[in-house]
Structures are given as C-alpha cells and as structure tokens.
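Colleague: With chain H held as given, fit chain C onto it using these hints.
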Amino acid sequence: MLVQRLVDAYIIGLEDNADNSTLCQTLVTHISNGDISLLELVQALGSYLSSEEAGRRSKGAHVLADVLTDLPADSIPPQATEKLARFFAARLADSPCVPHALPSIIALQGLDSFTDQCAVDVLDALFKEVHVQSFQHSTRGEAYRLLDLIIDNRKTVVKSMGDDFVLGFAQMLDGEKDPRSLMVAFQIIPKLAQLVNIKNNAEDLFDVIFCYFPITFKHRESDPSSISSESLKSALRAAITCSPYFGDMAIKPLIEKTTAASMSVKIDTYETLSAAALVYDPEVLKPDMEALVEQIREDVIMASDEAVVSAALDTLEAMYSAVSPAAPPSNGLDSRVADFNETLTPLDYVLKDAIFQLTADDIKNPEQIGKLLRSAARSSAYNCNVVSDAVLPIIVERLHTTDVLTVRRELIDVLNHVLSASCDVNRKAECLDSDKNNLLNIYRLDASVPLDKEYSFLHITRLKGITLLILMPGFLDVNETTMALQTISRAAIERNEDENVNKEGSHLLVQLAQSKPEEVETAVLPLFFDALCEDMVSTHKVSSLLNALGAIGVATATVLQPILSGLVQVITSGKLLPSHCLTATTTIRKMVDTATAAPNGAEICPALTSNIAIPLSDWAFNTGSSNSSSICPAVIVEIAKTITAAFSKLDSDKQEQHLHAQFGRYTMMALKVGKADDAHFQLLPLYSAFVCACWPQTKLPVDNLDEYLGGLASAAISTESFYQRDVCFEIIATVLNKISSTDSRDQLTRSVLGNADGVDIGIAHVLLRHWVARALINRNDKGGYECVHWLLSLITQDSPFSSDAAEGFSIILGDHNWAVTAATHGVFRLLSKQRFYATVVPEITVSFKSASSDAIKANLLVVLTHTVRHMPKSVLMTGIEEVVPLLLSAIRLTTGDLKAASIRTITMVMLESPETLQEQIATSIIPLLIASVAHTSSANSIEVRRAAHDALLLVPEKYPFSALNAVRKNVLHALARARDDHKRLVRMEAVKAYNKWLDYGVS
Amino acid sequence: MNITQKVNTAPLIYEVESQTRAALKTDFDNSVSDPIDAKEVYDQIRKINDPEHPLTLEQLRVINCEHITVDDAASRVVIEFTPTIPHCSMATLIGLCIRVRLLRSLPERFKVDIRVREGTHQSEADVNKQLNDKERVAAALENTYLLDVVNQCLATAA
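Residue numbers (the numbering used here), protein chains in the order written: chain H, 1 to 1003; chain C, 10001 to 10158.
No false leads were mixed into what you were given.
To spell it out: a stretch of chain C is covered by chain H in this simulated footprint if at least three of its residues, at any positions, have a beta carbon under 8 Å from a beta carbon of chain H; those stretches are: (1) 10024 to 10030; (2) 10034 to 10045; (3) 10097 to 10109.
Worth flagging that the hints you see were computed from the coordinates, not collected in a lab. All residues carry an ideal CB built from backbone N, CA and C; glycine is no exception.
Bound conformation, chain H alone:
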C-alpha cells in the first residue's frame, strides 16, 4: 500500500536524520489530490501513534505534524479537525509527542472547523499537562506562538477561561530565558490584559514579568532572529505598563532602578516610568513622587548624559501630567494656592528647591532649574498655572533689585523656561496677565546695557524671551506683537559687537515666521528691505540681511513670495546699490531653487515666473538696453538661472504664452552679427534660459525651425561677441536634443552644420561641433559621434584649432546651467555615457600610440582627461587598465586643472581598485606625485599640489609597506619641503600626508 510504504520510509528517514522534505511533499500532494485520505494516513501511522515505545510514538506524531503543517487548509476535512484536535490535545500529556503536537495544533487552529471547544481542550491540556520550561527552545516558542494565535483568533475562549488562562500563562512563562520566546511572551501580555481582567492574578503575572527588568540583550551578527535590544526593551516596557493593576508593585522598584549606575538602565527605567504614568492609577504614583523627583533633579543637575537628562525630564512631565488635576477649579487660583499651603503637593517637590535657588545670592544651576520647572509646568495647563504663579513673582522681584548682569541673565533664562511651558501647553498661565507690565519691562531692550561681547548672552536671552511672549497665545495685542517683532528684527539687522546677536535674531525670526507669518510679513520684512536700501550699507551687512531673508523665506512658504517680491522690488526700483545686485539676485535664485525643488514646487512656478523671473528679466533688459555698463554679466547669469528654475516647471501652454514676448525682444538681437564690444549681447543669456527651459513639446514661436537654427548658426560663426556665440550654440544644442523625430533631427543637424561649413574653419566651427555632439550624444544619436570623429581627426591632424578642439570636450559631457540638462528637460538616453566612453577612449588610445608629435599627444590627453572627469565611477572602472598609462602621461604632460583632474582620477582608481596600480605605484606614480607637490614648478597649480597630497595621503592606506619601503624616504623628503609651501591650504594637506607617511611601516 502506497501510504504505508511512504510512512515507513518517512519513519526510517527520521531514524537516520535524513532530509524527508521530498517524502513529506509527496504525502501532501497525494492527500491534496485525493489519492490518499487523511484518515488513511492516520491509519498507516496507527502502529506508531499507539506504540508503547516513546520514540515510535514521537516519530508517528512527527510525521503527522509535518504533513498537517504543509497541507492546504481545504485538504483537511471539517469532521477530521475536531478529532485531530482532541487527539493532539491528548498527546500533550505525552512528553515525547509534545514537540510535534504543538505545530500540528497551530496548523489546525487556523481552520474554520476548529471549534472554540477544541481551543478550550487544547489550552486545558497545555496548561495542565505540559511543563513548558522542560522543553527545548523551539517547543517553548511554539507554545507561546500557539497562545498568541489563540489570543488573536479566539478572544471569546480566552475571555471565558479568564483567570485560568492568566495563571496558566504565568506558570508557563516562569523561568523562561530565551529572548526569542520572551519577545513573544511579552507581546502576549498587553493583549491578554485587554481581554481578561487580570486583577486576581496580577501579582503572579507581574512577578514573572518584572524579574526581567531591566533587560539587556546583545544581538549577534550570526543570530538570524530580528530581535534587537531596543525591541526587547520596548516589549518588556509594554508588558510592565499594560495594566493599572501592576502599579502598586511596579512603582517602588522602578524608582529604585533610577539610581542605577548604568546610563542605559537609567534611561530604560525613566522611559518605563513615563509609559507607566499614562496607565497606572495616579494615587499609586503620588506616595513615591518625592523620591522620584529628587532622583530626577539629581540626574538633571549632574547632566552626565544628555539622553538621561532628556529621559528624566520626560518622566517628570509624564508623572506630573498623571497626578495633575484635569482642569483648574472654578474658584480661582488664590484658593488653590491656599490649599497647597496646607499640605505639600507633588509640585512642591520641584518648586521648593527652585524657589530656594532663585532667592539665593548665588543661583546654582539656573539652566537645570529652568528645565525642571519647564517640564513640571508643561505637564498640564493646571500645573503651568501653579508653577508660573509660584516662580514668576520671585523672578520679577529679584530682577527689580539686582543689577548684576550675569544674575539677571540667569533669572531671565529661568523665566524663559517657565514661559515656554505656557507656549507648550498652548495656554498662557493666568498670573501672566497680572504680571504683563513687569514682563514687558523685563524684556524691553535696555539701551543702557552695552552690547559688547560680555553682555551679548543677556541680550540673546532677552530676545528668546520676547519670542516666547509673541508665541504665547493671547498674551500680546497686535501693537505689542508688532513692537516685539521689530525689536527682534532690529537685533538681526543692526550692527552688534557680537555677531551671535544678529544670528540669534535671524534664527528667532525664522521660528516666528512659521507661527506668525502675517505679522512677520507686515512688521519685519519692511525693516529688512529698508535696511537693504540704506545709503552706505556694507557688503557684509547686505549679505547677512539677505541670508536672514533667505532663511525665513525657505522655512515658511507663506512668506516666501512676499520676500521674493520685496527683493525684486528693491532691485528693480534701483534703490539697491548696483554693487549689491549680484548678492541679491543670487539670494533670489537660491530661494527659487529651493522652493521649486520642494515636493509641491511646480504649483508656485506660475507665480514665481510672473512675479519674480519676468520682472527681473524685464528690469535687466531695460537697464541693459539703456545703460549697458550698469549690469554685470554675473547678475544676468543669476537672473537666467532664476528664469530656468521657475520657467522650466511651467506647463508647455504657459511657456508658449511667455515665449512670444521674449522672442519678440531678443530674436533679432541673436540673429544679427554682433560686435565684440556691444554690451547688449550680454543680455542674451536671458533669451537662452527661456528657450532652453522649455519642454520638448513646447512650440517655439518661429515659422521655420530650419531657418531659425541656420540663422543662429550663421550668426554664431560670424559674430565677434562671445555672449552671442555661446547663446546661439546653447539654443541650437537644446533644440536638436529635444526633437523626437530622428529624420527631422538628422535633417536639422545637417542643415546647421552645412551652414557652418560654408566658410573657412574657425574656432566657432569647432565649438559648434562640440555643442551638436552634446545635444546628440546624450540621446545616443550617431550624428553626435560624427562630430566627435571630426573633432578627433582635427586634433590628430595638428591643426591650429587642435587645442580648442581638445579643450572643448568639456562641453560635450560637462555641466551647464541650462542648456541640455536634466532640469531643463534635456533628453538623456540610458547608457549614453557608457557608449561615449567605449567609443572615444579606444580611439584616443590608438591615436595616442600612433601620434607623431608631443603636441598631438598632449591634446589627446586633454580629451582623455575631460572624458574621464565627467564619467561616473562605475563606467570609468571598466577597462581602466588601458587608460592608466595615458593618465600617467597626462600627469606628466599637462598642467593646471587638467593635471589635477588626472591625479584625482588616479586617486579614485587607487581607492576603488588599488591592485590595478600595483605595478606602477612605486616606479611611476609616486615619482610623479612627488614631482607634483613641488610648488616651484609652474605646472603645479594649487589644485595640482592639493590633489597630489590627497593621493599621497591615500597610498599608505592602500598598499603594504613592503611595496613602498624604498620610496618612503623620498616621499618624506618631498613632503617635508611641501610643508613650507607658500599656500596655506596646500601646507595643511602636506602636514597630513607627511604624518601619515611618518607612521607608515612603524608598528
């Protein structure tokens, strides 16, 4: 019989510890297909299951468990479920069978036919017959898992069992040591406490849980379980704090644990107490509050660990929140105070010491006192009232009588903490109204206080206090808020001896803008704009004012537009000194960049275009047209970048609407042949920015694109103005890149290049190829490679423009502000850079080897350097061995930035794949680097020397001393000389590298 044969084979496999998964799968498949019934399987197992020999019974149960676990639910007949459940419940009394009975029950309990009575039978047997702790971890884990599943799926059963379940579970858990089992058990307890009233067995349950506190666990790398120390702590914390019935037993031992020497235990205890405060009966907390507050005070004042202080303060807040009355009594504060005088209230534990310190000649730990008061006060509106009422009069009185500035600062600092509690509970303390005048006097900026560095702390503390008064709900009226905001603004704007005052002022305004945007807009921004327009305003001040405005605008979206509009107004009205226009336009550009990069940035782009980009563009055009010398090209570039950021995110219809005006304004200028000294052409980048920022589907307002591009190409070839030439090329490249039809693109490319080829070759012809290559290579168009081949052949022919052709390779792959970029919707195909690298580098290598003159070689190395510097690391490292010899030649033959770029590439290879350079490191690379750190050579620019030092710094980390022992002396000698480099930045790098080599090989 098939089933008997399979079962016997299975049992033999179990005896031999063989892998039985195939047999199990075969049985499962047969039962699922109906070839064998479950009953037949049980019958086949009969002799094993009923054997008197424990081992045979266990194996029989093992086979049945394996099959049931893998069997689909619909393959178990409903009538069999109950019988199997009873059978396995009975097996729980048979210790050898327990490890296999539990997984079987887990498999069965998920079935609809598994009745509540089955669950009761199983649980009865589990609690009465199974001594869980005598089994291995896996069996214990299954037992907890079964309970967890039954709690989740059979709530009525658990409720009906009530105390029996709780007691059974507590006994089961007693003595558990495995963290995996504990994790499941801890997670069961809160669920159990929700379902069952644990009152009768709270002590038993608590005893078996709390003995694990504080729990420590170190997760090992090899441990496949996902349990971490933190997750285990959280689970235990949730278990301890799941029921108010644990309160009586938990509070005292928890408070004792706060005195532990270990920081992690302290933090764990405080966090558990905070959680407990939310659940335990407040009456349970009160008797031990004094001891707890005393311990918290000690921990906060000792300030040994920031995390402990934070946890302690959170606990203080949670505790006071729990014991605080829900709302102030209706008969007013005075009667409450009278009540407090009769008996000591929990708040007095904090207040007593604070009041003692605040009235002492020398206030000790004012910062910590402030923190304690704040935590106590912010726990509830009621406590906020009581604390404010107790502390405020003392501070006010003391501030009236003392002139010592340090003491005043300390008092105001404490006051700030108390006031901030009012802001935190979002309800001002009642006593504040009666002390309003006093508070306003305290925070009034006193002109008699000298604001040199010594007193700036006092000044800053006051500014923080004023901020709190503004933020406090319903405390200041509109006029007072305006005055307070202006006070902070003046601190941010006016020149202070200590710049920290300005910084703090700006920082506070950023905070205030988030909660009081309208007030900041009306009271603060005009002061900033006026300050920017002052006659003799310094560059430094303009810069700090703009930084502050930038920070406010970026932090709060609602004031961004008013700030940007205000700045545009300041610039376009001509009130801002021309020398500051660049800083202002840069700030605007940065703000627009940040705003448009935000998740909902596209939504504000229409407004930014209409209110910021277009007005700035108009202003630049009008100013540049009438008086060309008044706008510097850098300002134009900043405005063009602003246009790009805002305009590129408009939809194509809106772009088309704006383009008409811009084309009308600039197209004629772009197409006419310009003179070198015609400053009007400096405005053309604005035109380029508008055109380049368009979507591919945006229709340009030109009748004939072929003619338009041809005209631009002709103008670029003939013009003497670099601005016009560059703009023409940018537009040509952008348009070609965005044409989707291959045929149209080919035709236009040929037309553009044909226009250029009509006359003798000049620098513009070469640059046109670079730009066309940029447009086409990035979208994997073969036309781009034709341009590259044309350029490479120009270089190998040693033409007068070889050098320009080589240098221009930076255009093909390099960054640009707006032309053919991802941000301006340029089309970039996958693997375009890889293809370029794979095509061009072998060609350079071949040409280099066959080159007849050093000039050609040098130009080829320039091309190589430009190619590798813009390549992603992953692309570059493929076939790098071929390129390394050329890079070393490039270090030898090039100068300045190119040489530095080659050294940086070698450094990158050293970092990523040091074995590639193993052979050359001592013989070629180190001598080249030594030569490159010498500041006496004109080929070694600052960048070259710094790059060489960086490379030398890396060498000892990547190569064994034995390989470089011979060159160490030379390197140290060169680096010792480099420590006397005339540039400080280089010297700093040299010192680092020198010390690294000094330790190299010294054990």
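Modeller: Here is chain C on its own, set in the frame of chain H:
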C-alpha cells in the same frame, strides 16, 4: 612616569568655539603668499590629546591662540601653554607633545620655543629648560615608552 594616577581628576572643560578659518578670495590665488601665522600653528596643536584625560588641549585651555607668537619672516615660533593646575606633573609631557607635533608640522626652517606661561606652574623654570634643551628632547624621544605616550596624544592631532 605613572599616568594611571590622575594629577588633576576634575579639570575644567571649556566649550570649543568653531575655529574654522574663513575662506578668503586669495586662498586659491597662487601668486599670493599665505604666511604662517598664530592661528595656523594653533590649528596644528589644538587637537593634541591631554595625557590623562580624553580631552584636547584646546578643551582644557592649556593652549590658547593668543599665547602663540609667530614671525614667519624670521622663522620663529613662541608658544606659551597653561597647565590646568600649578603642580601639574604632566607639564613637561604636554610641552614635549607640542614640540613633537610642531617638528612634524612646521617647515624645518622654524625655531620653536615652548614655555609654560608665566606664573602658571610652580616649577616653571625647570620645565622651560627641559623643553627647550635639544639634547634632552632628543633623549626623551629615544625612550620608546615615552614616544608611545607622545604618539597616543598626537593620534588625534592630525
């Protein structure tokens, strides 16, 4: 030398302000020389660790930028340091650490004088004499144990 017994068990720790040198436009102009100044020398030694605490000399205010005098043209550096307590037996070791760090950082043309700040140490003259005696310094650095201690203090300086 026994440094397991701390001479000053609870030194005052000062907050360290950001000491980053502001970038200048001329930083990348190769034609402009940046002479070595007190701030640069201070940057080289501020992160030296104290021999008995895991704190830097800057955090303990043992060294102070204002107490460093540099004459680049004359290749002279004078450094005055302030021991945390007047009877600090670590003063010589601290001075030695500063000297070794500068030997490894400054151009070889510089002559470096290291002194205890006047009135801050009870054996001021002896310490100064020891620190500025080339032969004694050389002999101290031949002591491998001492060199190890110095290197440990300098490990954080780079």
